[in-house]
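A.B. asks: Residue numbers (our numbering), protein chains in the order written: chain A, 1 to 264; chain B, 1001 to 1280.
In case anyone wonders, no lab produced these hints; they're calculated from the structure. Since this is a predicted model, take the numbers as computed values, not measurements. Possibly wrong hints are sitting among the right ones.
Claimed, not checked - Facing chain B, a subset of chain A residues (Cβ under 7 angstroms, in silico):
1) 28
2) 56
3) 147
Claimed, not checked - Rough simulated footprint, nothing fancy, chain B against chain A, three-plus residues with beta-carbon under 8 angstroms:
4) 148 to 160
5) 201 to 208
Claimed, not checked - Per label pair, the in silico range of CB-to-CB distance:
6) 1145/B to 121/A: 29 to 37 angstroms
7) 53/A to 1099/B: 43 to 51 angstroms
8) 1038/B to 125/A: 52 to 60 angstroms
9) 1088/B to 5/A: 49 to 57 angstroms
10) 209/A to 1051/B: 49 to 57 angstroms
11) 1121/B to 135/A: 30 to 38 angstroms
12) 258/A to 1184/B: 31 to 39 angstroms
13) 1211/B to 84/A: 43 to 51 angstroms
14) 258/A to 1171/B: 27 to 35 angstroms
15) 4/A to 1089/B: 57 to 65 angstroms
Every residue gets a Cβ at the ideal spot worked out from N, C-alpha and C, and that includes glycine.
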Amino acid sequence: MLDDFLVRALLAGLCVAAAAGPLGCFVVWRRMAYFGDATAHAAILGVALALAFSISIFAGVLLVALAVALMISVLAGRGWAVDTTLGVVAHSGLAFGLVAVSFQPTVRVDLTAFLFGDILAVSRADLAVIAAGSALVAGLMAWRWSALLTATLSEDLAHAAGLKPARERLVLTVALALVVAVALQVVGALLIAAMLIVPAAAARNFARSPEGMALWAVAIGGLAVWGGLRASLIWDTPAGPSIVSVAAVIFALALPLGAVLGRR
Amino acid sequence: MPDLQRCGVTGVLQRRAAPALADDALIRAEGLAVAFGGGPVLRDVDLEIRRGEIVTIVGPNGAGKTVLLRALLGILPASRGRVARRAGLRVGYVPQRLHIDAALPMPVHRFLSLPARQSRKAQAEVLARVGLPGVERQSMTTLSGGQFQRVLLARALLSAPELLVLDEPTQGLDQPGTAAFYRLIAAVRAELGCAVLSVSHDLNVVMSASDRVICVNGHICCAGTPQAVLDAPEYRALFGHGTGGALALYRHHHDHAHDHGGVAEPPALEAERERDREVG
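Let the sequences and hints guide you as you build the complete structure.
C.D. replies: Structure, rendered in structure tokens:
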């Protein structure tokens, strides 16, 4: 079954959807959308470093995404204007990454694969890494769920309950770096943030509880992966952007649908 | 005024004790200072909250009341001095206000189960206790201001707190709503026997219901029984601001002990009367 590249692509996409669903909810709730974008853009710098030092792309992206996410957290904590910090980091990460990749003389690098994903080229080994990374993120979310939710609602409430909000922020930062690393091949650096935000935003229209919203986000993300791959096959469109397009269509449909359901 | 402890005196009185917490102490601050960016917002705070007592922090806007509360809870780090909390102290915290983002669907029953899951029975009981039976399935965003504060209180009570911490919990409530909320607090405390630490500027309401009042303005101006604080010149100096004219008039008449008719009463005097009525 795994010999079929389409099956591997679908499984890889579903794994990413399962990890991005619950994490995406926190990104939406905590208004971290641009934070996710900045981390994802910096992934290109990770690709360049991985190529330069001949380590796996996954490891390179994970390291750079983690470093960038932590740096943003520290800078934001020091009172820098967050949107400025993110704007500087996101675009300089992307720019430095693109420049650094161009210095790779021996390797013919297909940049579009990293910018927009290359889900149809997912190998068995890639799939194993994507599945493991996604499982780690989903496990982390499940394990810290209640504490994360409390800290998201109010850091003071979390503190008073004996939790450490700083630790929960770190959990989210690590999870975000992991999702960036596993989603790079599926939707590409430019659209990773969309996989986090669009399904979660669509899910808000149907959900009546935080847990419900996370499950809806996983389901909508999965549906987008399936629909995007179908569309990509039928119309020969790029897979990653097709997946995000389907997610966006679901979001648009969810708005009136949620309003009707909510009124009943 | 035997219970009055002025700044300097407080320090001496409390520093002679061993650094460890006394048997009945829940939280203890020694030489606590808190600083943001520029200078200290709060300095030289010596304070102890003991089991079962009701302590109210009062002070003008920007005096550092909330800062003191947050430092005692460990939310803000001390820039000097130290805060000791009883190991495993269960704190029920009712924040000043809580904004729930519209993107976060949060029914009341889910909110009550944060961070620890609570049984339906426990939730139903505590909601009935705060006077909101049957709102479990309602979204937090559909509650009125008074209902919202009661749900916050209900959540705090579910942890069976040894210390209930209230940060101006009635801000945004009208006078009857505020009075009703404090009556509820008093009733709950009588049942649970927990200590209550609150920040307030509703002096009329809280003065009468406190064992100890701490008046803060960058440091502890004065502390002691409500009566002692009301009588303290530091307290009068602080709360004379804004009603300075009335207070001056009041002092003038008081000195000569003649005609009281037609003179606006300063808040402190109102508070005194209010308290006398409740005692009597």
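A.B. asks: If a hint holds in the structure, say so; if it does not, say that too.
C.D. replies: Cross-check of the supplied hints:
no., hint, verdict
1, 28, "holds (5 angstroms)"
2, 56, "violated (36 angstroms)"
3, 147, "holds (6 angstroms)"
4, 148 to 160, "holds (count 11)"
5, 201 to 208, "holds (count 4)"
6, 1145/B to 121/A: 29 to 37 angstroms, "violated (56 angstroms)"
7, 53/A to 1099/B: 43 to 51 angstroms, "holds (45 angstroms)"
8, 1038/B to 125/A: 52 to 60 angstroms, "holds (55 angstroms)"
9, 1088/B to 5/A: 49 to 57 angstroms, "holds (56 angstroms)"
10, 209/A to 1051/B: 49 to 57 angstroms, "violated (37 angstroms)"
11, 1121/B to 135/A: 30 to 38 angstroms, "holds (36 angstroms)"
12, 258/A to 1184/B: 31 to 39 angstroms, "holds (36 angstroms)"
13, 1211/B to 84/A: 43 to 51 angstroms, "holds (49 angstroms)"
14, 258/A to 1171/B: 27 to 35 angstroms, "holds (33 angstroms)"
15, 4/A to 1089/B: 57 to 65 angstroms, "holds (59 angstroms)"
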